[in-house]
Amino acid sequence: MTTLDCELVLMSVMALADGELAPLPPAQVEAHLASCASCRREAEEFQLLARLLTAQQRSAHTENIWPRIAPQLAAVPRRQRASWRAFVLLGLALLGWRSFELLAPHDFGLWFGLVPVAIAIVAFVYLKENPFRINTALQVERW
Amino acid sequence: MDDSLVIARCRAGDWEAFRYLVERYQAQAIRHALAILGNREDALDAVQQAFLDAYQALDRFDLERRFYPWFYTILRNHCFKLLGRERRRATESLEETEILAATSGLPPEQLIALEQALRALPAEEREIITLRHWDGLSYEELAERLAIPKGTVMSRLYYARQRLREKLTPRSSSGRKEK
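Just so you know, the protein sequences line up as chains X and V, in that order. Position one of the first sequence corresponds to residue 1 (the numbering used here), numbered consecutively onward. Position one of the second sequence corresponds to residue 1001 (the numbering used here), numbered consecutively onward.
Incorrect hints may have been included.
Listed next, the stretches of chain X that the computed footprint assigns to chain V, with coverage defined by at least 3 CB atoms under 8 Å from CB atoms of chain V [to be verified]:
hint, region
1, 38–52
2, 64–74
Which residues of chain V face chain X? A partial, calculated answer using Cβ under 10 Å [what the hints assert, rightly or not]:
hint, residue
3, M1001
4, R1019
5, Q1026
6, A1027
7, L1111
8, E1115
9, Q1116
10, R1119
11, E1125
12, R1132
13, S1138
14, G1151
15, M1154
16, Q1162
17, T1169
Everything labelled a hint here was simulated from the structure, so no lab data went into it. We treat Cβ as the ideally placed atom computed from N, Cα and C, and that holds for glycine.
Isolated chain X (complex conformation) (with noise of 0.2 Å):
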């Protein structure tokens, strides 16, 4: 058995003894191990150590961590979120925009045409929302 087969049955060991679906079947475990004495070894040592870590206790940390943030909050701005209102006015206004434009007699040129462009960043920066803003769930940063 090479040294990868090895590594992939004593990791099957340590999936198995979790409880969890392991990459080898549980007869192709025994197997290894019925043969490989190193492996055998070792799947002890990681029972052992599965049983030292269960067992220790870790002390309850009593600290009360609220006093030191309750004064940062009470001084925290509640960002009020951006009413609907707002954004039928914006609908309104840009429809209002494309109404005058298909209705006017003659070409305003290349700025009305940027004018929908202007109320867009206008409304954004005035109801401070983020429209790249694509789901809630924060990213787990690399470190």
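For chain X, the structure is supplied; the task is to place chain V on it using the hints.
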């Protein structure tokens, strides 16, 4: 009281309602931060800052999700940022750590050896050992909590345990266990 109700009240401006979440999760948060940082004062600082950041991010929190896994991401990021900077305080000596005697009757020297071995692990491996053995998270829960594939959970746990095992049972160059 349900966490989502508390969060809704906080969003409505009742900052004192946040106390419920702090007092409910602070012990767990401190334990997790301590596992990563190995230093009580740094852990308390990280937890404090994480709760403050979580409060300010409540508007973005999805009420369908559970609070602590979301909060843990914030806490974890703070802890690893602290680790990335120069350490402000030395790791606590074993005399300062609060190690309770195991109810299984394991000898104290064995527990101290385990604690020393844990301290010597890289922070990411120490973290996954803590979450697996003391919080009882499954591989799937670990994968979700740490935002890594399940296969990575398995291999990270394996190598962490392998490192611990080697530290606790050092071998000579012949591969035989030393006494």
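Each hint tested on the structure:
1. 38–52: This one holds; 8 residues, not fewer than the three required, reach chain V with a Cβ under 8 Å.
2. 64–74: holds (count 9)
3. M1001: Cβ of M1001/V sits 16 Å from chain X, so the hint is violated.
4. R1019: Hint holds; R1019/V Cβ to chain X Cβ min 5 Å, cut 10 Å.
5. Q1026: Nearest chain X Cβ about 5 Å off; hint holds.
6. A1027: Given a least distance of 5 Å, the restraint on A1027/V holds.
7. L1111: With Cβ-Cβ at 6 Å, under 10 Å, it holds.
8. E1115: For E1115/V, the interface hint holds, since the closest Cβ of chain X sits about 8 Å away, which is under 10 Å.
9. Q1116: Cβ of Q1116/V sits 12 Å from chain X, so the hint is violated.
10. R1119: violated (13 Å)
11. E1125: violated (13 Å)
12. R1132: holds (8 Å)
13. S1138: Given a least distance of 7 Å, the restraint on S1138/V holds.
14. G1151: holds (9 Å)
15. M1154: holds (6 Å)
16. Q1162: The hint holds - Q1162/V has a Cβ within 10 Å of chain X, the shortest such distance being about 8 Å.
17. T1169: holds (6 Å)
Checked against the numbered hints given earlier, this structure breaks hints 3, 9, 10, 11; the rest are met.
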